[in-house]
Amino acid sequence: MARLPRWLILLAVIAAAFAVLPLAGLASRANWAELPDQLASPASRTALELSLRTAAAATGLCVVFGVPLGFALAALRGVTRAVLRAVLLAPLVLPPVVSGLGLLYAFGRKGLLGETLDAAGLPVAFTTAAVVLAQAFVAMPFMVVSVEASLAARDGRLEAIAATLGAGRSRILAAVTLPGIGVAVGMGAVLAFARSLGEFGATLTFAGSLEGVTRTAPLQIYLARESDPQAAVALGLVLVALAILIVAAAARPGRRVVQ
Amino acid sequence: MKLDATVAVSARGVNATLSVPAGETLALLGPNGSGKSTVIEVLAGLVQPDDGRATLGNTALFAHEDGRMRLTEARRRGVALVTQDASLFPHLSVLDNVGFPARARGVTKARSRIVAHEWLERAGVGDLAERKPSSLSGGQARKVAVARALSSEPKLILLDEPFASLDVDAAVALRALLREVLVGRTAVLSTHDGLDAIDLASSVAVLDRGAVVEQGPTAATFERPRTAFTAAMAGLVWISGVWTSHALTLADGQSVYASGRGLAAGARAAVAIDPRTVKLVSGDTRSAVHDVVKTLEPRGDGTLRVRGSLLWADVSIAEAARALPHVDDPVSFAIASRPLAYAV
Chain G
1 MARLPRWLIL LAVIAAAFAV LPLAGLASRA NWAELPDQLA SPASRTALEL SLRTAAAATG
61 LCVVFGVPLG FALAALRGVT RAVLRAVLLA PLVLPPVVSG LGLLYAFGRK GLLGETLDAA
121 GLPVAFTTAA VVLAQAFVAM PFMVVSVEAS LAARDGRLEA IAATLGAGRS RILAAVTLPG
181 IGVAVGMGAV LAFARSLGEF GATLTFAGSL EGVTRTAPLQ IYLARESDPQ AAVALGLVLV
241 ALAILIVAAA ARPGRRVVQ
Chain W
260 MKLDATVAVS ARGVNATLSV PAGETLALLG PNGSGKSTVI EVLAGLVQPD DGRATLGNTA
320 LFAHEDGRMR LTEARRRGVA LVTQDASLFP HLSVLDNVGF PARARGVTKA RSRIVAHEWL
380 ERAGVGDLAE RKPSSLSGGQ ARKVAVARAL SSEPKLILLD EPFASLDVDA AVALRALLRE
440 VLVGRTAVLS THDGLDAIDL ASSVAVLDRG AVVEQGPTAA TFERPRTAFT AAMAGLVWIS
500 GVWTSHALTL ADGQSVYASG RGLAAGARAA VAIDPRTVKL VSGDTRSAVH DVVKTLEPRG
560 DGTLRVRGSL LWADVSIAEA ARALPHVDDP VSFAIASRPL AYAV
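Those protein sequences? They're chains G and W, same order as listed.
The opening residue of the first sequence carries number 1 in the working numbering; numbering runs sequentially from there.
The opening residue of the second sequence carries number 260 in the working numbering; numbering runs sequentially from there.
None of these hints come from the bench; they were simulated from the model.
All C-beta atoms, glycine included, are put in the ideal place defined by N, C-alpha and C.
Any given hint could turn out to be false.
[As the list claims (entries may be wrong)] Just the calculated beta-carbon pair ranges, DEER-fashion:
1) LYS391(W) with ALA12(G): 37 to 43 Å
2) LYS391(W) with VAL79(G): 38 to 44 Å
3) VAL247(G) with GLY292(W): 30 to 36 Å
4) ALA369(W) with ILE246(G): 34 to 40 Å
5) VAL79(G) with GLY292(W): 33 to 39 Å
6) LYS391(W) with VAL247(G): 46 to 52 Å
7) ARG169(G) with HIS323(W): 37 to 43 Å
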């Protein structure tokens, strides 16, 4: 690589410091000796477990529904595709509180589908299911973009060859296309899980903050930040560690996309 | 099974008609860009034709009828394709690539692997079974692709430029394999090399700018090409004219002496000559053909191609050194042995 100009290095150092300082701030407030005890407190443990369970469930929804949506989007052309993509990916940039409001007016008791869901005995708002829905809503676009982009990079030749060898559509999808975009699906799942784990605004708005039911780790941190800052910091550090692990897993160097 | 096809793809300027007798191999011969791959891909079902029809045995591959194109899905055609890049599935082992068609027929994985092993052994690459496609050489990958195509038990096998970009040893090995496995199979093999046709195909269809300009048994087609294009693909000088008792009279009135048993005076006829038997001679030689030099092309094999507007000669460097003509100079060609003229 060519030698970089000094002013650029200086700006890069400032940017790096900006990224690292908040983590250092968290670490500086941690009571490392009591960290295990704080994490073992019922409130923290319950919140963390709920977070992991709901994020896993939301990621499952993203795989089951987001992958087909990515395929469908990739099959479209022109303006339809551009418009549909813009609408479907909006949750990526929507303020989470707006997403929460939307979910409330769609699936809440007085929402579009509220009565139907109630009648079916499936009230959603302010339940754990609402947490999962909120997370899936904001995380789905990661899977959709990931799948759509990796499909756009394929020329369909292997699929065509598979057809000449007698394979039907479902077999081609399962045995040729999906393995070919496996890395992209994995990446989408990792990012969706990370986004779900960090979900706060939509969850609070749509699901509320009920201990053991809808109070995920981010909500617990927010709640404890004044009453018990040490516990908030401890839980925060766990999320930091998870985030770094996830990013490292997703961007492992030398991992090549199989095509 | 017999193949009869007319393939038209107007966007690519292709409108080609060809037929392959059951159990025989047809070489689809033409230079790059002549439409070989398009014809192959249409037959395989990868590219949609906009006109024409094709039948393989009793099945229609596609047919343009009442203004509508009826297509049989690629997977129901029984037509296997070996592409230039082998198109192996990168995430599957060599064994599972070859077992793929059996799996698609609903055979269990274990059983498909037994079948795949047999085909790999027949292709002489049984030792590659556990390898991933990315670790294969070009020649190995193409042999595996041939094994995979055969394992689909196709009624027609298509080979798109099977020797393209292979080194000499790999090409020799693949050629030996194809010579063996194509026996008794209906096959179409595209190539830009006449030698592939002689070696592997009983008949040849010559493709020029999307159209088949000539089709016939390989040997006869190359010995007596009916177009300058086919002659050029066969590496022959081709001269056509009108037969007059013992010579071919060219458009400019010159004569090329030839034997033409059975030819009627006034019939359109042609001779096809090995350019190495054409010599440069001095201008007053009787029976010489007088021409003007258009290009001088070094051949790389120690000969120089002196190309005139009517015919050309491949002369040795020594001969060229004795009397090197220049572009636009007059030149006289003599044909060493009296060629055979035939009706065209």
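Please name the hints from earlier in the document that this structure breaks, with their numbers sorted from lowest to highest. 3, 6, 7
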